[in-house]
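J.: Take a look at the letters that make up each chain.
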Amino acid sequence: MRNSIIFLGIFMLGFLTGCFDDEGNYDYKKVNEPNWKENTIQMTARAGEITKFRGSPYFSWSVDSLQRASEVTYEWKLENEVLSHEVDFEMPTNELIGRIGLVKIESKPRSGTFSIIEKNTGVTFVLPISVTFTPTNASADWFVLSENGGNSKLSFIKRVADAGIWSYELRENVYAETNGEELVGTPQFMNYASGATHIGTMGTITVVTSSGMYEINCENFMKVGNLEEVPCAGNITARYDVKGTDYGLQTFVKDADGLLYRRMMSKNNLMGAFGREPMVLDAKGYSISHIGHSSTWFDPIPCYDALNRRVVTILFTKSGALKFEEWFPGSGMGSWVEDGEQFQIANLVSTKSTASMEIDGCAEVWNMPEGTKPLYLWYVKEAGHPFMGGNYPVLGMIYNDVSGKTWWTEFATNANTGQVENRSDNRLMEFPAGNLQEGTLFLTRIGSNYGAQKQDYVLYNKGNEIRYIDRALGYRDQPFITLEDPNDRVTYMAWGAYESYGRLFVGTEKGNFIVYSTPYGEPLTVNPKVIKILNVGGKVVSLKELNNDTQIIDQY
Amino acid sequence: MKRGIYILFVTFVLLAAACSKDEINIFSGKHQIYFDKFYMNALAPGTEQADTTQASFFYYPDGTKSIQVKLAVQLSGTMLDSDLHFGLKAIEEASTAQPGEYTLEEQYTFHARPVAEGDKEIRDTITVTLNKSDRLVSLGEEGIRLVVELVPNETVDLGQYERRRAVIVWTNVEGIPEWWDYEVRYALLGEYSYEKYKLFLEVVEEANDFNGELIKENPAKAIDMVNQFKKWLNEHLDDPVDGEKYQRILNSLV
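Protein chains in written order, with my numbering: chain A, 2 to 557; chain B, -14 to 239.
For the record, the hints were derived by calculation from the structure and aren't laboratory data. Careful: at least some of the hints might be erroneous.
Claimed, not checked - Here are a few chain A residues that face chain B, going by a calculated C-beta distance under 7 angstroms:
1. A274
2. G276
3. R277
4. E278
5. V281
6. D283
7. S320
8. G321
9. F344
10. I346
11. A347
Positions of the beta carbon are idealized from the N, C-alpha and C atoms, including for glycine.
Based on the sequences and whatever the hints tell you, model everything.
T.: Written as structure tokens, this is what we have:
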């Protein structure tokens, strides 16, 4: 009974608190917050340069801005390190790297805040910042290989922010400047291996001239070597690199005899020795004359075997143990999943079908007529559906027949065997814009990230003009760009893949490096805006865009 | 109140009693014997896979007439205080071995011996003699198969059904090399087969050097040797006698 009285007393006390008067202060004071213009401040900091922190372009005041400026202070913080109390300031990137204790430059951005703090009240308005650190030479910069009298010249074009707009600066002859020697011989071709990160964060550039081969570290332009390790007859005549997280880098080189050699960098082959034996196809042998455009991932790479007049592919197949996992225990229904390390195995395979049914709808790419001259081979698209018979690659070839007539063929191939299949995607037609000359340049894209609309365009050059075939518009021929100088000629074309294909880069006979605006998500327009023209002093032979972003799989 | 205390006390006593341990004797009951390996896949809910004991005369000096294979046997039931004897018989309808190609003892012995503390199995080994016959070489990788079954008596029963028999296969070919591991299967030579490995050794230069060390230290050379093998096979596919075999081997390479 005594306990009950105590509990009742405590209960009643609780009720009593409900009777107290609330004497709190509920007067509101107006807060003059800034009007943020963006959700985040995104910046890039290049090693060895000055990083510019700019807060003022990102906000405005609704009231007298001069008065508000006197009432507030600022704070820049990155990785919890306070960098400055100025609204705008600059800092050497190397000092910044030291301040935040960055030990490795990687693509993952570093986060922080830009704060505006009211002096009187301490009220703080915060905008996130995101800073991506890059090496001095970084993604979206370009190498240009050009003629230099009887020798070759390697120049570097750096993407820079100019009053908020990305533009470009030229640094000529960087190889000779850095290494104290010329690139001897006339330029033949250039290749970019972004996956060669065992040499430098940004990979390596290979330059082949009429007299030698050079492998160059993209970060500092230093010569790495002369590709002495490549076991081929004479200088290599083409190089192709593919890479993938967990699968390493695979390099293919073609020698003067058209034989392909492969280097597979794996857990046992980190520094990458080339095999001494060329890749094997079949009893007929082969001599590769063209390596087509595919991706830097493990997609099939179409090649032309001139010895046997046929299209063959470098086909990648994933190899490794699999196990069957049921979706529901006891259901017997399920799927095969990887069970252990997987390898990407490259094989050179024929496109000839072993099926009894005749293939129709496309050119007999496995047995082309005598006199065929391939102009361009490329990976057109991935077709099919994973749950409706599986995906399959569609490849393409533009070629001249013995009479000089230009043809366009597309052919579906089996993803596992590389053999041509009967599919509705197969196509054979005359080139929509008449006949083309040997040596015509083409430009396609395979990557589907950042919008795929430019996958439908096949660009080609005619003298000082660039035109394109629009696959989505019934393969219609369309005008695109005419160089201002009627006596100049297009010698190289590449999409700015790192810039979401929003820019087209063109090299010319007279040494011009021209950047056109081809905005992301918009159709191509005739004679688009020129963003920049730079001149490297001699005929442009090749352009290569740097990138260390694994999502970008187009490389030109 | 007294009644409440009584109920509480009884409940406590019952709970405490539940904590006492009942000693479990691992080895008790009548003797049962069975092989270590399963001769057939375990019946549900078991998951063990059938396993074969393999042997090869390839590794023995020329002229070797017979070799012995060991079969592990397990015992369940009470501990042995004296040796236990049992028999073994060939199951002819499941075997390809002919009577002269193997020798079984009249009686086999499971030796009585102390069991170390913590052991959960009592195990012994018996041997079966395999005799080399003229036809063995011609049988290649397929070899000769012998299925034997344990024979019980009044002192011993048979144990687990799927382990009452043992399967022995012997050949005159080299067995799968130790270095033919996951990487070799999926990145170089594919699944092992005698005909493939034999041909590889015959036609590829320095093929005897192809081993785990080469794959690790000089992978490019290992890949080269596979390419040499592919090249040779491609060049001999029209062989009127072995063309089909070469195509089969070529298709099985990675």
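J.: Which hints from the list above does the structure break, by number from lowest to highest?
T.: The structure breaks only hint 11.
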